Amino acid sequence: MPDFSAFFVALGTRVRKLRKKRGLSQEDMIPLGFSARHWQQIEAGRPITMTTLLKVCHALEVPLSEMLAGFDRLLPKNDKDSE
30 MPDFSAFFVA LGTRVRKLRK KRGLSQEDMI PLGFSARHWQ QIEAGRPITM TTLLKVCHAL
90 EVPLSEMLAG FDRLLPKNDK DSE
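Quick note on the numbering used here: the sequence shown kicks off at 30 and runs consecutively.
Simulated from the structure, these hints should not be mistaken for laboratory data.
Where hints are given, some of them may not hold.
Pairs of lysine-lysine residues, derived as BS3-like cross-links and limited to a Cα-Cα distance of at most 30 Å, are as follows [to be verified]:
1) LYS50 with LYS84
2) LYS49 with LYS84
3) LYS84 with LYS106
4) LYS106 with LYS46
5) LYS84 with LYS46
Keep in mind it's a predicted model, so treat the numbers as computed, not measured.
Assemble the whole structure, with the sequences as input and the hints as a guide.
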């Protein structure tokens with residue numbers, strides 16, 4: 030099974046930076062549908078679903094393309110790509 034941990038850690042770091050850039054605390058995310066614990070897990074690099082990622086983008090007012098920009102290099106290579 031591919032290891033996506035580097036991707037999710039980088040995503041969590043980006044989410045945290047974008048939240049702070051907007052002057053928001055983790056508690057500010059609660060009315061937007063996130064528990065403080067869930068938000069902490071996202072920023073800590075825990076794997077999230079696409080639905081959660083879209084909610085994060087909406088909450089931070091960031092397009093999905095901007096949120097994921099440059100992350101393709103962090104994805105594990107497909108065995109077929111190396112042939």
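Quick rundown of the hints versus the structure:
no., hint, in the structure
1, LYS50 with LYS84, "holds (18 Å)"
2, LYS49 with LYS84, "holds (17 Å)"
3, LYS84 with LYS106, "holds (27 Å)"
4, LYS106 with LYS46, "holds (27 Å)"
5, LYS84 with LYS46, "holds (16 Å)"
The structure meets every hint from the earlier list without exception.
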